[in-house]
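For the sequence shown, my numbering assigns the number 87 to the initial residue and increments by one for each residue that follows.
Heads up, some of the hints might be wrong.
Derived Cβ-Cβ restraints for the label pairs, each shown as a range [what the hints assert, rightly or not]:
| no. | residue 1 | residue 2 | range |
| --- | --- | --- | --- |
| 1 | Asp111 | Gly327 | 18 to 24 Å |
| 2 | His182 | Ala326 | 40 to 46 Å |
| 3 | Gly147 | Gly273 | 37 to 43 Å |
| 4 | Asn170 | Leu287 | 37 to 43 Å |
| 5 | Phe251 | His182 | 16 to 22 Å |
| 6 | Ala187 | Asn128 | 22 to 28 Å |
| 7 | Glu205 | Thr169 | 31 to 37 Å |
| 8 | Ser277 | Asp179 | 28 to 34 Å |
| 9 | Asn238 | Gly147 | 33 to 39 Å |
| 10 | Leu115 | Ala168 | 30 to 36 Å |
Honestly, the hints are just simulated from the structure, not real lab data.
Yeah, the Cβ is synthetic: ideal placement off N, Cα and C, and Gly gets one too.
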Amino acid sequence: MKALGCNLVRIHIAGVDPRIYNLADKLGLLLWVEVPSPHTSNAKSRANHRAELLRMLALIGTHPSVIIWSLYNEDWGAQDIATNPETRQYIMDMYHFMKLAEPQFLVVDNDGWQHISYEGRLKSDLLTAHLYTPDVHRWSELLDQLAGGQMNGVAANPLVVGDPFFFRKQVPLLVSEWGGFGFSDYGGPQSDDERTQQIRLYKEELRKRPIAGDVYTQATDIEDEVNGLLTASGELKVPAGLLNSRG
């Protein structure tokens, strides 16, 4: 990952493997971790979610490489976030718990879209968006809309739910998922050389706008998603430094 030019890796709902965190500490590689997602949204799933969050904090909370925590991802396990006050209240409670108990971390309420705003304050330290398109012109349009403060029609769902008083620039703006080049039914480049050129174009567009960071999806090939920049054994498929945000 460092050879790709990354200074941070998002450990996507993968739970706890101590080897990841020990190695990241040694390498000086920052980590963004996530609580594994429940299947449904109800009182039992929220209790299980809280127990898993506490377990993860006990196991990896002292690793200096860990800097960001996501409570949920793309509404998984919080499918009713836009309509159920109980779901929003639970996520807000966990956000406030993290800010009081673990103030050293940045906390994201629901990564990708449908962040919670309450009385004009975002209950997330980052405003994140998951943006996917194989077309560079559409990519530029999406980034313009995102940087311009548009909340609807950018990601798959509205970026903010709750009240309508959200102040757009109160937290940093990140594109926390983009890319996906390599899916057989996704469109866009299929060869490694074509993918390299596409990524360079997309990174150039990101650098032109006031976007604080980005996370390419995804790092490695896995069983049913052969869209990584590394093979499953960790070998580079693209030039070193490709994801460096400084160009």
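Hints, verified against the model:
Distance hint check: the CB atoms of Asp111 and Gly327 are about 23 Å apart, consistent with the given range 18 to 24 Å. For His182 and Ala326, the hinted distance range of 40 to 46 Å is satisfied, since their beta carbons lie about 42 Å from each other. A hinted range of 37 to 43 Å holds for the C-beta pair Gly147 and Gly273, which are about 41 Å apart. For the pair Asn170 and Leu287, the beta carbons lie near 40 Å from each other, so the given range of 37 to 43 Å is met.
Range check, Phe251 to His182: about 19 Å between beta-carbon atoms, so the 16 to 22 Å window is met. Separation of Ala187 from Asn128 is about 25 Å and conforms to the stated range, judged on CB atoms against 22 to 28 Å. Range check, Glu205 to Thr169: Cβ separation about 19 Å, and the 31 to 37 Å hint is violated. Here the CB-CB span from Ser277 to Asp179 is close to 48 Å, at odds with the stated 28 to 34 Å.
A C-beta distance of roughly 36 Å is found between Asn238 and Gly147, which places it inside the suggested range of 33 to 39 Å. For the pair Leu115 and Ala168, the supplied restraint of 30 to 36 Å holds, since their beta-carbon distance comes to about 35 Å.
When held up to the earlier numbered hints, the structure conflicts with 7, 8 and fits the remainder.
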